[in-house]
Amino acid sequence: QKEVEQNSGPLSVPEGAIASLNCTYSDRGSQSFFWYRQYSGKSPELIMSIYSNGDKEDGRFTAQLNKASQYVSLLIRDSQPSDSATYLCAVNGGRGGSQGNLIFGKGTKLSVKP
Amino acid sequence: ETGVTQSPTHLIKTRGQQVTLRCSSQSGHNTVSWYQQALGQGPQFIFQYYREEENGRGNFPPRFSGLQFPNYSSELNVNALELDDSALYLCASSSQGVADTQYFGPGTRLTVL
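If you're matching them up, the sequences are chains A and B in order. Heads up, the first sequence is in the numbering used here, so the first residue is 68 and it goes up one at a time. Heads up, the second sequence is in the numbering used here, so the first residue is 2 and it goes up one at a time.
Hints in this document: simulated from the structure, not taken from any laboratory. Wrong hints could be hidden among the right ones.
[Said to hold, decoys possible] Facing chain B, from chain A, some residues (calculated, C-beta under 10 angstroms):
(1) Val71
(2) Tyr103
(3) Lys109
(4) Ser110
(5) Ser116
(6) Leu155
(7) Cys156
(8) Gly160
(9) Leu169
(10) Gly172
(11) Lys173
(12) Gly174
C-beta atoms are modelled at their ideal positions from N, C-alpha and C, and glycine is treated no differently.
Next comes chain B alone, as it looks inside the complex (with noise of 0.2 angstroms):
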């Protein structure tokens, strides 16, 4: 176990809804990662974020929104949902100034019919 948690661990939406994922990250860490991991896939990166500020963002349409916290737990917000953005989201915590591995949730299911 990784000390990350996500909820919640499976969801289901209809299109043109909104969603919002949630994750606290380990004890110690202060970074946070989201990822899109299709079936079949390799995780894609979506943003990170870092001291409560986006610290980079892979190529997600805005839709993808998020936040950290003081607590450095963050959520993951997705808009008008869309049948492809059925997939395993990922969280992922990391600590600034310790190498820069990263240490996975267990994720959330996202089923979008």
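For reference, chain A alone in the conformation it holds in the complex (with noise of 0.2 angstroms):
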């Protein structure tokens, strides 16, 4: 059973901070990431993808990518109180890059203070 866990939060930070969003997968030959953004009431919204190791900056967003300890992380730069949302964790199930399903975490609810 493929998973995906991140941390629930609620992950409180103040206007201006940084926020990280940490997320685990169990499956080590997954290929593709990706970091949605999920409003209350609203449709996952793309902010990320990475496929490599490293870092990956667009923005005030930067994706982290660690395949050998199957660890992927976000980093939000100067919070503002319109990042405050659920941010849900994907990793492609399917195999080489190939069109299969999204496994996502349960997400993680940041709020961000003024």
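Reconstruct the complex from the two isolated chains, following the hints.
Below you can see the structure in the form of structure tokens.
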């Protein structure tokens, strides 16, 4: 059974701080990793995808992947109240980048306090 | 906005009834995946359609079935509704050969009474 684990939170950070969200996955053969943001009552919105070990930066967001440790993280710099949402980590359940299903964690709820 | 549309937005059914949910994929996308998201949980994969064929299925019973049409739009059908089927149903579209990034529609909120 392939699993994705996230701390459910809530994670509370002050405005302007760095929010750090973490995720571990069970399938060592996983190739593709995604972070989605989900506001209450809305659908998931893609923030980042990462495929190789190391860091990938996009604006205030940095995704980090460590395949040896089976660990993915998302850093949000200069956190804003509008970043308050649930962050879902997803791992592709297929092999070799094929069009497989996404396996999601339960999500971490982030609250950014003004 | 992702360009993925779903209908209806909300739906209320009673136990034992049948329901059909619809999804139009983003322009240029030929793959549609359906997910069920219960309250407080991450989305769970139901099945995926590629070129009108089922291309993978999650751990859902046969009363969950689907279709994909030549224009790549898709339907999710659920028969014999149960109370536990109450959830947000999400459709995601993607394109074979362009990584495997999936873009979600707004979802259909199904309530089973």
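Problem - Non-conforming hints, listed in increasing numerical order - result: none
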